[in-house]
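*Asks:* Using the UniProt record's numbering, read the sequence shown as starting at 1 and increasing by one per residue.
Derived by calculation from the structure, the hints in this document are not laboratory data.
None of the values given here were measured: they were computed from a predicted structure.
Treat each hint with caution, since some may be false.
Claimed, not checked - Below, a list of computed lysine-lysine pairs in the DSSO-like style, where the Cα atoms sit at most 30 Å apart: (1) K162 to K10; (2) K191 to K293; (3) K377 to K281; (4) K209 to K162; (5) K389 to K298; (6) K293 to K162; (7) K130 to K467; (8) K293 to K23; (9) K157 to K195; (10) K46 to K23; (11) K443 to K367; (12) K177 to K162; (13) K130 to K259; (14) K157 to K281; (15) K209 to K177; (16) K259 to K177; (17) K389 to K293; (18) K195 to K416; (19) K467 to K443; (20) K443 to K389; (21) K157 to K191; (22) K195 to K72; (23) K389 to K377; (24) K298 to K209; (25) K191 to K217; (26) K259 to K217; (27) K191 to K259; (28) K281 to K217; (29) K10 to K46; (30) K293 to K416; (31) K162 to K130; (32) K293 to K177; (33) K162 to K191; (34) K416 to K177; (35) K191 to K281.
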Amino acid sequence: MEIIFGRNRKEQLEPVQATVTGKIPAWLQGTLLRNGPGMHTVGESKYNHWFDGLALLHSFSIRDGEVTYRSKYLRSDTYNANIEANRIVVSEFGTMAYPDPCKNIFAKAFSYLSHTIPDFTDNCLINIMKCGEDFYATTETNYIRKIDPQSLETLEKVDYRKYVAINLATAHPHYDKAGNVLNMGTSIVDKGKTKYVIFKIPATVPEAKRKGKSPWKHTEVFCSIPSRSLLSPSYYHSFGVTENFVVFLEQPFKLDILKMATAYVRGVSWASCMSFHREDKTYIHVIDQRTRKPVSTKFYTDPMVVFHHVNAYEEDGYILFDVIAYEDNSLYQLFYLANLNQDFGENSRLTSVPTLKRFAVPLHVDKNADVGSNLIKVASTRATALKEKDDQVYCQPEGLYEGLELPRINYSHNGKPYRYIFAAEVQWSPIPTKILKYDILTKSSLTWSEECCWPAEPLFVPTPGAKDEDDGKTDKEPACHSAGNHPSLKGTIGTPQGRRGQLGGLSTSKSPCWELSPAPADCSLLVPIASSRTSKTTLYNSLGELPELTES
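Throw the hints in and build the complete structure from the sequences for me.
*Replies:* Laid out in structure tokens, this is it:
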């Protein structure tokens with residue numbers, strides 16, 4: 001796995017033309033932006049965890065049947081400080097940086113003091129967020145970085161704390177019909193309280209209201225949820241939304257704030273201050289977007305770790321929401337480079353397979369219902385919600401599919417009833433080996449794989465005006481194509497399309513963002529692929545041939 005993880009990647013500053021065999025459909029016009037770690041060694045110092053690496057931005061531009069690629073490191077303050085010092089001087093979550101041994105005792109003492117209340121990194125390597133017409137590289141700290149989607153230049157630095165009282169924020173926001181951004185963050189011991197804050201960033205602000213101020217000044221707190229523990233808030237990577245509600249899981253995968261405050265002096269990373277409490281419950285918070293208040297019923301389920309919400313929607317007085325759940329936190333542990341740079345044997349396997357689970361919660365609880373009775377009466381799921389003596393509701397999920405991660409949907413169905421999930425398939429290793437299309441209605445799937453190839457997170461690009469959720473063309477020809485050597489994942493298998501050739505150093509990336517050109521784009525599944533067959537990139541990152549699919 002060392003061929004993928006832990007090596008430093010070279011930038012491709014000028015666009016390079018890809019060699020395309022076959023034909024890319026004329027309707028696919030736009031730019032695929034990706035973000036992920038690209039540098040894990042600075043001078044003689046090395047990062048410990050894959051999620052610590054310096055952010056490398058990727059751009060795949062598709063115009064008139066041609067594909068060009070470029071990449072550039074995010075010029076964050078973290079990147080600049082590390083490169084200038086020729087070593088890691090800014091701490092990441094899994095790697096604690098320490099002062100230069102040549103510093104005098106007073107400088108060292110100041111470094112220890114300043115890390116007691118840490119100023120987190122702006123190494124924004126997780127996702128790309130669109131806010132209005134602007135694009136931002138994001139991570140899970142209070143910082144995001146504006147970028148130019150064409151040149152990949154790094155622009156201004158935005159500190160959430162100037163506009164909303166949070167210390168951490170998710171890198172997976174949601175967008176409403178107007179393009180406004182809805183996100184969540186954690187406020188740690190602010191005025192004696194630790195809470196989870198839901199906030200909204202407006203897509204646009206009329207000039208009359210701006211009065212020359214930054215549009216970020218109009219960020220508003222939507223709702224606050226008190227943490228069940230002042231000094232041990234829950235870690236969360238994403239959340240769910242329906243048309244009228246927000247779904248947040250307060251899971252027993254927790255941050256120990258006291259340990260984080262003393263991590264520097266104890267010589268440990270912040271990641272070591274996270275722990276899974278399997279004796280605790282997972283609490284399901286449902287927030288009404290209309291009243292901006294949590295519903296009064298207390299819902300909970302068994303202990304679990306969730307990184308990715310898939311979707312949530314309302315049906316006949318119930319909320320159904322789907323997540324990828326683990327029984328422990330082994331996924332995070334396996335992404336330490338010491339584990340990734342070895343063959344996956346018995347000692348480096350996930351101890352919990354990611355499982356697609358569907359939960360159901362009733363929006364109205366009958367107080368006269370018998371204790372122990374199932375409150376879920378909707379026929380579309382086998383999930384249950386059992387009423388308990390103290391009027392709490394114990395939710396038991398329906399297991400849908402094992403071995404699925406990095407889920408994506410047709411985002412026009414976000415918060416609404418939906419049928420299809422596009423994802424990477426994983427089993428006991430955290431490295432995905434297949435691309436998957438899962439049909440929730442029929443409980444069937446289509447998969448694709450190729451020897452020595454590792455797919456990244458897919459991105460579904462729908463056609464405007466499509467009648468069906470996975471429809472790309474009204475003539476029912478296959479229109480859901482993959483990025484580079486990937487299949488059409490529609491029910492009917494089509495003919496080969498275009499494939500993009502080699503483009504530079506091999507790398508992996510995380511969450512993608514698709515920027516449409518003015519021309520409409522039909523349904524397409526864009527999935528970068530890493531291959532070990534060459535030391536150069538075989539990131540087959542555009543539309544690809546359609547090899548044989550396996551139906552399950």
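*Asks:* Look at each hint and say if it fits the structure.
*Replies:* Evaluated hints:
1. K162 to K10: 35 Å, violated
2. K191 to K293: 20 Å, holds
3. K377 to K281: Holds - the C-alpha atoms of K281 and K377 are around 24 Å apart, at most 30 Å.
4. K209 to K162: Judged against 30 Å, a Cα distance of about 18 Å means the pair holds.
5. K389 to K298: 12 Å, holds
6. K293 to K162: With Cα atoms ~24 Å apart, K293 and K162 stay inside 30 Å; holds.
7. K130 to K467: Status holds; Cα separation ~26 Å.
8. K293 to K23: It is violated: about 52 Å lies between the C-alpha atoms, which goes past 30 Å.
9. K157 to K195: Status holds; Cα separation ~25 Å.
10. K46 to K23: 42 Å, violated
11. K443 to K367: It is violated: about 34 Å lies between the C-alpha atoms, which goes past 30 Å.
12. K177 to K162: 26 Å, holds
13. K130 to K259: 34 Å, violated
14. K157 to K281: 37 Å, violated
15. K209 to K177: 21 Å, holds
16. K259 to K177: 41 Å, violated
17. K389 to K293: Holds - the C-alpha atoms of K293 and K389 are around 24 Å apart, at most 30 Å.
18. K195 to K416: OK: K195 and K416 at ~28 Å, within 30 Å.
19. K467 to K443: 22 Å, holds
20. K443 to K389: 35 Å, violated
21. K157 to K191: Between K157 and K191 the Cα gap is close to 26 Å, so the pair holds against 30 Å.
22. K195 to K72: 36 Å, violated
23. K389 to K377: This hinted pair holds, its Cα atoms lying about 20 Å apart.
24. K298 to K209: Between K298 and K209 the Cα gap is close to 39 Å, so the pair fails against 30 Å, i.e. violated.
25. K191 to K217: 21 Å, holds
26. K259 to K217: 33 Å, violated
27. K191 to K259: 20 Å, holds
28. K281 to K217: 37 Å, violated
29. K10 to K46: 17 Å, holds
30. K293 to K416: With Cα atoms ~21 Å apart, K293 and K416 stay inside 30 Å; holds.
31. K162 to K130: Holds, because 19 Å separates the two Cα atoms, which is no more than 30 Å.
32. K293 to K177: Judged against 30 Å, a Cα distance of about 21 Å means the pair holds.
33. K162 to K191: With a Cα-Cα distance of about 16 Å, the restraint between K162 and K191 holds, given a limit of 30 Å.
34. K416 to K177: 13 Å, holds
35. K191 to K281: 27 Å, holds
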